[in-house]
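Participant: Sequences and hints are given; from them, build the entire structure.
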Amino acid sequence: MHSPVLEVKNLAVEFGSGAGRVRAVDDVSFDVRPGETLAIVGESGSGKSVTALSLLRLVPTPPGRICAGEILFHGEDLLKASEASIRSIRGNRIAMIFQEPMSSLNPALTVGLQIAEPLQLHGKLTWAKAFERARELLGKVRIPDAARRVNAHPHQFSGGMRQRAMIAMALACKPNLIIADEPTTALDVTVQAQILSLLKNLTKETNAALILITHDLGVVARYADRVCVMYAGRVVESGSAQDIYANPQHPYTLGLMASIPRLDQEAGQRLTPIDGQPPDLAALPKGCAFEPRCRFAMARCRRERPALESQGGRHYRACFADVSC
Amino acid sequence: MSHAEPVTTGAPLLRVSDLKVHFPIHDGVLIRRRSGSVKAVDGVSFEVRKGETLGLVGESGCGKSTTGMAILRMTPLTGGRIEFEGQDISGLGARKMRPLRQRLQMVYQDPYGSLNPRMKVGDIVGEPLVIHGVTGTQDAYRARIQELLRLVGLRPDMAERYPHEFSGGQRQRISIARAVALNPSLVLCDEPVSALDVSIQAQVVNLFQELQERLGLSYLFIAHDLAVVRHVSHRIAVMYLGRIVEIAPRDMLYREPLHPYTRGLLAAVPLPDPLAERTRVHEEITGEPPSVVNPPSGCHFHPRCPMAMPICAQRAPELTAIGNARSVACHLHGAAPALDGQAAA
Amino acid sequence: MTIALDRPAASRPRRGSATMKFIGRLFREKPLGAAGAVIFLVFLFCGLFADVLAPYGYNQISPINRLKPPSWQFLFGTDNLGRDVFSRCLYGAQLSVIIGFCAAGLATIVSVVIGVVSGYIGGRFDMIVQRMVDAWMSFPDLIVLIVVVSVVGPGLLPIILVLGLLLGIGGSRIIRGATISVRENMYVTATQSMGASTFRILFRHILPNVMAPVIILFTTRVGFVILAESGLSFLGLGVPPPAPTWGGMLSGSGRTYMLQGPWLALAPGLCLTFVVYATNVFGDALRDLLDPRMRGTR
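Chains as they are written, first to last, in my numbering: chain R, -2 to 322; chain D, 52 to 396; chain E, 22 to 319.
Everything labelled a hint here was simulated from the structure, so no lab data went into it. Careful, some of the hints might be misleading.
The calculated DMTMM-like cross-link candidates involving lysine to aspartate or glutamate, where the alpha carbons are at most 25 Å apart (straight line), are [what the hints assert, rightly or not]: (1) R:Lys283 with D:Glu136; (2) D:Lys101 with R:Glu263; (3) D:Lys71 with D:Glu136.
Facilitator: The following block contains the structure:
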C-alpha cells in the first residue's frame, strides 16, 4: 500500500522544569497514510492536543519542550528541520484547523485575503490569481454567495461559516496532511455534521491524510478509519475503528464505551462510569497511569508500565490484563 | 430498569404557560432608542410533574438557558405565567420570592465559575442554609454539611478544602450538594455535564438519577447533548429559536420524531458504532440556525426544513396535541392549516 | 482581646490562633513579604516614638553645624540650618507615614465603596455614577487642592481628605472593572438565585474576589501620596514648615544643596523607598496569602 504521509515515533513532550516538570506526551507513536482519517481520542489532559501542536512544532517553548522522538513527514524528520523549512511546510503541506474559529481568523482582514495569503506565499501565485482561487475555495466549502462573501470580515460570518473558511484556508495549498484539533466542539450538532462531512469529503477528494483530534466517540465512529486512544499522555490502544469499537482491548477504552449514553440502545439503564478522577500529570503512578481507576488492575500494573503490543494485525494495546471475561 | 416512570399524580410541580422573555435592543449614541427586541423565549409552555425529569434540548441560542433563568426569576419576564407548587410566581417581588427559592434550585454548567474560589467547600455547601436561616446549632450545621457531602459521593473531610483543589466532576458534585441542601422539590440543571470529561459525565449523570430516587426530586434538565438528555429524561421538549417545536415522552420522541427539526437533530448525532454509521442514511439539515435578532417569518425552521410548504413561511404553527402525550408545532401535523388572513389565535 | 468581647468564649482562642497561623504562614511562605511587614513596623514605631528616639528636635537649629556630613554625632548629617537630618527623618516618618497611610487608606475605601456599588448595581445607576466620576476626574486636581486649602488653610487633615478623595474617586474605576468581571461569575448568580441579600453577596462573594486589585491600589497609593505631599509643600499647600515631611525635605533643602550635601536628599529618599518597597512586597504577600489558590506556592 502507500507509504505513510506522517510517521511519529516515540514522541515525548514536557512542560515546565525542575520539580514542576510534567510529561504531557510520553512515548507516542502512530502513522497516517494518504486518504486515511486517523482519530486521536482522549479526555482533557490526555495529551492529544499537545501531540497535534508538536507535529508542526507549535508547542509554546518555554514552558513546553519536545524532548524525544521523531516526526517523519514523507521520511523527513520535522524535529531536525530548520526553522525556515518547517515554515515552508506549515500551512502548505501540512495544514491545521483549530477548535475556536473566531480566534484563528484575524478580525481585521477580509476572509478572502486570509485564504489568498498562503497561496501567494507558498503557491507563488500573484495576488489576483490567489484571490480568484480563494473565491473558488469558498464555493468549494459551500459558503453561499462566495463571490460576495470573499470580501467579508470574519465577524460577519457565523461560527459554522468561519470553520468552513478555516477549511478553505487549510485546503488552499492542497496539503498532504490536515490536522483538525476539535474542529466542531464549539459548534451545534447539526452544523457539526455538515462541517465534518465536508472535511471528510474534501480530504478524500484530494487524497490528503486527516488527523482528527476529538473527545467524541460518536464523531470518531462516523468519520475515522483508524483510532488512537490516549490516556495521561500515552497511547493505550490503537487500531482500525471497527476493531476498536467491536473489540476494545484496553480497560480504559472499554470503560469509555460503557460510560456514554447511546441513542442506539435501550434508554433508562444506569450508566457504568469509570470510577475515580482524571489523572494528575504531575503525580502519575509508577506503573500504568490508568491503574487507580481500572477494574482489571493487578499487582503488576502498579509496578510496571505496560508497552503497546500487537493484538494481531494493526490492533495494539498497552495493558497486562485479560479483558475478555 | 431502575429508571422507571415517575408517579405522576396531582397537579404539576411547575407549569409554564406562554412564557416570553424579550430583550430590548437599543440604538443611538446620545439618545438611546429602543429599536427592537430579541425574542429569546417566545411563548413557551410546558409542565414538570413531581418526580419527573423534563429534558429541554436545543442548539445554542434557542433560549433554553434563558427559560431556566426566567423560571428562577433571575431575568425579567415579558409575558406569560409561571406556576410553581401551585402558586403563580411570575409576579412575585424579591421578598415574596425568597422563601420559594428554598424549593427551587439550580445546577450550572461551568464547574469552575459556579463556586466562589475564596470559600471553603463546607461554606459553599452550607450557604443556602445560612441564607435561609436554617442552620440550627453549630453541630447540627456541621453534621448537615457532612451528610450532604456524603450524599453526593464526597468525603466529609473535604469540607475544609477550597474548590481549586477539586477536579471538574468533583466540583459539579459540590454544586449539586449545594443545590439539594434545602431539600428542594425542583432542580434546574443547565448543561450540568457538558463541561465534563466523557468518563466523568456518567458519574454525574448517575448521581442525578440516584438523588432523584432518594429525594424525590424533579428536574428540568437543559442540555444540547441528545444522548445524555434521552438518558436522564422522562419527557423531552425540543426548542428552536425561542419556541418549543415538539414535546413528547422520551421513547416516543426518539423512536418517532414528528417535527422535521427533531428528526434532523437526531440524525446529526453520530452513533458510537462504525458499522451502524456506515449503513446509516445521513439526512443532514442544511444551513445554520438563523440569528435570533432577525428570525425567519412563520415557522422559524422553514428555511432549513426539507419539507417546507408555502404556508410555513407565512404562519407560525401552533403547538398542537397529537394523541394524549405529545405535542408538535408543525404544519405537517395536527389540525389542517387555517386559511391565510384569518387572525392567528 | 478587646475586639471580641461579645463573642462566645469558645471562639476566642480559635480566632487568636487563626491570626497566629496567618502570621506563621506569612513568615514561612512569604519571607520577603514578612520582611516588608517588619520594615514597615519599624518605620511606624520610629514615627510614633520620634519624640523619644530622636536625639535632637526637628527644628533645633545649630548654625555651627551647617551641612555636616554623616557622623556618629549626626547619623544622617545636618542640613543648611544645622538641623539633624536623622531626627528630622524620624519626625518625618510620623507625618509622612500618617499622611501616606491615612490618605491611601481613605482613597482605597472611597474606591471600593464607589467601585463595588457602582459596578455591582450597574445599569443606569452605574452610568450616572461613572459620568460623575468623569466630571470629577476632568477637573484639574491642583485647582481642587488650592481651593480647599485656601478655604480651610493648610494642615494635615485637609491634605489627607483632599488627596484621599482625589485618588479614591479616580481609583474607583479599577475596582469597578474588577467588580463587573467578578459579578459575571456564575457563583454570584447562583447565590442570587438562592435568595441571598445584596449585603451578603457584596461581602461574601464580590469583596473577597476583588481583594487583589484593592491591595495593589492601596500599596501603590502610599508612595504616591507621600510624594504628592512634597509637591504640595513645594507650592506651599502642604504641611507648613518647619514641620518635617520626607517629601518636603527632598524637594526643599535636599534639592537646593544637592551638591554640597547629597545626604540631605539621600536620607529621606531612602526612607521613602524603603516604606514604599515594604508596603508593596507586603501587599503582594497579603494578596497571595488571602488567595486560597496560591496555597503552598511561593
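Participant: Looking back at the hints listed earlier, which ones does the structure fail to meet?
Facilitator: 1
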